[in-house]
Amino acid sequence: AQKITQTQPGMFVQEKEAVTLDCTYDTSDPSYGLFWYKQPSSGEMIFLIYQGSYDQQNATEGRYSLNFQKARKSANLVISASQLGDSAMYFCAMFGGFKTIFGAGTRLFVKA
Amino acid sequence: KAGVTQTPRYLIKTRGQQVTLSCSPISGHRSVSWYQQTPGQGLQFLFEYFSETQRNKGNFPGRFSGRQFSNSRSEMNVSTLELGDSALYLCASSLPGQTSGGQETQYFGPGTRLLVL
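Line by line, the protein sequences give chains A and B. Count the first sequence with the working numbering and you get residues 270 to 381, in order. Count the second sequence with the working numbering and you get residues 95 to 211, in order.
Everything labelled a hint here was simulated from the structure, so no lab data went into it. Any given hint could turn out to be false.
As the list claims (entries may be wrong) - For lysine-lysine, the following DSSO-like pairs were computed, each having C-alpha atoms within a straight-line distance of at most 30 Å:
| no. | chain 1 | residue 1 | chain 2 | residue 2 |
| --- | --- | --- | --- | --- |
| 1 | B | Lys151 | A | Lys342 |
| 2 | A | Lys272 | A | Lys368 |
| 3 | A | Lys272 | A | Lys342 |
| 4 | A | Lys339 | B | Lys151 |
| 5 | A | Lys285 | A | Lys339 |
| 6 | B | Lys151 | A | Lys272 |
| 7 | A | Lys368 | B | Lys107 |
| 8 | B | Lys151 | A | Lys368 |
Since the structure is predicted, the reported quantities are computational estimates derived from the model, not experimental observations.
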């Protein structure tokens, strides 16, 4: 069975500093996709970054990068130069078998 | 390009009633997925449709059903509402094969907040 684990219910980071949000996953499928989404208080899920299971390089999208360690089954999100607008819930997700499962989420608080 | 739209945005129903939620995907997207989000259970997968066919479904009772039309628009229906059905219902659409690994990046709508009294 597929599983996504986010062990940090809440995180604090100082504005302009980098922060790492942890995500581990479990699947027996050789082909899968890993995603990170941001959910502000408005409720809408915003796609941030994607990593395919066969991708050799870590994905990057602007200030977001995904630290993909396949052997350890981890897909941590790194946000560089945090901004106040980064305060939100962050969800790690895995796609496989025509469905996406989500972790419990990490609430990030950016301090001024 | 317009994003995923969901209607209605807010809904209040009473126990025992039924409700239908609508989702219009991004133009060209043929896959639509539905999720239920609650504080206690988090985000849970309901079902996924592609070309009017349900390809997968989550562990929800038969009161939850869905369908997809030929224009890729989708509806989900919940019959005999229970208090525990109060949640944010999110719809997401995707374009199969759009990423390097053939995986499907899902783009979400704003959600429908359902309150069951």
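Structure-based check of all given hints:
1. As the CA atoms of Lys151 of chain B and Lys342 of chain A are separated by approximately 25 Å, the hinted pair is consistent with the 30 Å bound.
2. For a cut-off of 30 Å, the pair hint linking Lys272 of chain A to Lys368 of chain A stands: about 12 Å separates their Cα positions.
3. Distance check on the hinted pair: Lys272 of chain A and Lys342 of chain A sit about 11 Å apart at the alpha-carbon level, within 30 Å; holds.
4. For the hint pairing Lys339 of chain A with Lys151 of chain B, the CA-to-CA distance comes to about 27 Å; that is within 30 Å, so the pair holds.
5. The suggested pairing of Lys285 of chain A with Lys339 of chain A holds, with an alpha-carbon distance near 29 Å, which does not exceed 30 Å.
6. Between Lys151 of chain B and Lys272 of chain A, the direct Cα distance comes to roughly 16 Å. Compliance with the 30 Å bound is thereby established for this hinted pair.
7. Simply put, Lys368 of chain A and Lys107 of chain B have alpha-carbon atoms about 29 Å apart, close enough for the 30 Å limit, and the pair holds.
8. The straight-line distance between the Cα atoms of Lys151 of chain B and Lys368 of chain A is roughly 8 Å, inside the 30 Å bound, and the hint therefore holds.
Comparing the model with each numbered hint stated earlier shows that all of them hold.
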